[in-house]
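Protein chains: 2
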Amino acid sequence: MQLKQIGAIHTPYKRTKEVPYQSSLSEEVCEIEIFREYEGGLKDIEGFSHLIVLYWMRKSEGYSLLVRTPWDTELHGLSTTRSPRRPNPIGISIVRLLERKGNILRVRGVDAIDGTPLIDIKPYVPEFGEKEKREVRIGWFEGRINR
Amino acid sequence: MQLKQIGAIHTPYKRTKEVPYQSSLSEEVCEIEIFREYEGGLKDIEGFSHLIVLYWMRKSEGYSLLVRTPWDTELHGLSTTRSPRRPNPIGISIVRLLERKGNILRVRGVDAIDGTPLIDIKPYVPEFGEKEKREVRIGWFEGRINR
Numbered sequence: 001m002q003l004k005q006i007g008a009i010h011t012p013y014k015r016t017k018e019v020p021y022q023s024s025l026s027e028e029v030c031e032i033e034i035f036r037e038y039e040g041g042l043k044d045i046e047g048f049s050h051l052i053v054l055y056w057m058r059k060s061e062g063y064s065l066l067v068r069t070p071w072d073t074e075l076h077g078l079s080t081t082r083s084p085r086r087p088n089p090i091g092i093s094i095v096r097l098l099e100r101k102g103n104i105l106r107v108r109g110v111d112a113i114d115g116t117p118l119i120d121i122k123p124y125v126p127e128f129g130e131k132e133k134r135e136v137r138i139g140w141f142e143g144r145i146n147r
Numbered sequence: 001m002q003l004k005q006i007g008a009i010h011t012p013y014k015r016t017k018e019v020p021y022q023s024s025l026s027e028e029v030c031e032i033e034i035f036r037e038y039e040g041g042l043k044d045i046e047g048f049s050h051l052i053v054l055y056w057m058r059k060s061e062g063y064s065l066l067v068r069t070p071w072d073t074e075l076h077g078l079s080t081t082r083s084p085r086r087p088n089p090i091g092i093s094i095v096r097l098l099e100r101k102g103n104i105l106r107v108r109g110v111d112a113i114d115g116t117p118l119i120d121i122k123p124y125v126p127e128f129g130e131k132e133k134r135e136v137r138i139g140w141f142e143g144r145i146n147r
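If you read the protein sequences in the order shown, they are chains P and X.
Numbering (the numbering used here) for the first sequence: 1 to 147.
Numbering (the numbering used here) for the second sequence: 1 to 147.
Any given hint could turn out to be false.
Since the list gives no way to pick one copy over another, a pair counts as held whenever it fits inside one copy or between any two copies.
The calculated lysine-lysine pairs, modelled on BS3-like cross-linking and capped at a C-alpha distance of 30 Å, are [claimed, not checked]:
1) Lys59 / Lys4
2) Lys17 / Lys4
3) Lys43 / Lys17
Hints in this document: simulated from the structure, not taken from any laboratory.
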């Protein structure tokens with residue numbers, strides 16, 4: 001299971017500490033560069049307002065199964081957090097697509113540091129996962145996140 | 001960028017053709033097995049109704065930048081589809097958590113074949129990406145998916 005880098009994410013965040021905890025809090029415009037050999041896969045992307053972006057959090061080292069997050073003083077199970085320190089440091093952002101210029105996507109809503117390797121882009125189609133949306137429970141995040 | 005398998009997904013789908021095109025159409029109860037060494041990371045997971053599951057679609061071979069999907073007769077850019085044939089064959093499902101028994105999660109809504117390697121579990125917290133939800137445009141999927 002070897003990943004290929006298909007592009008790079010360019011953001012104003014140079015260090016981990018500058019990255020917003022919650023990608024929806026990020027108002028910065030960032031650029032996603034898709035390497036030329038994959039550019040053909042962007043056909044029709046202008047029709048989508050939002051995209052799912054997967055990236056490799058390469059600055060992350062090791063992991064703990066119990067983690068303390070910025071949201072809470074308690075330790076929580078790693079699988080219930082978005083901590084970058086995971087067995088596989090894959091990050092996901094749902095970004096708003098502002099503009100495409102060739103192999104560059106200008107987006108809003110990325111929470112990755114500058115130069116982060118891009119590994120996948122998928123269409124954001126909310127209907128796919130939202131059948132039972134009204135019944136969503138968010139565990140220990142309840143009352144702690146910015147809606 | 002080397003991935004570690006952290007578990008396995010057990011589903012009734014033995015072959016690619018049996019997997020539903022849209023995970024929200026999957027009514028089957030499936031089991032996600034987390035290997036014992038990572039079980040501690042599941043603490044507090046019972047509080048979440050939905051999880052984001054990332055897996056490696058190991059039966060996928062190669063990729064095309066333009067693909068024909070079951071939804072349409074036209075070719076679309078790979079980045080606007082959920083085709084498993086991608087440079088990095090990572091699949092995402094938003095699953096409903098029904099029950100946890102030790103290192104086994106019983107869930108609904110997986111669209112992976114039996115034995116698929118698990119690579120990550122993240123909490124599903126809709127507020128993270130939905131600030132501008134009302135303005136979502138879904139490109140060529142419009143009018144084609146089951147809402």
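Practice task
Return the numbers of the hints above that this structure violates; sort them in rising order.
Solution key: Violated hints: none at all, because every hint is consistent with the structure.
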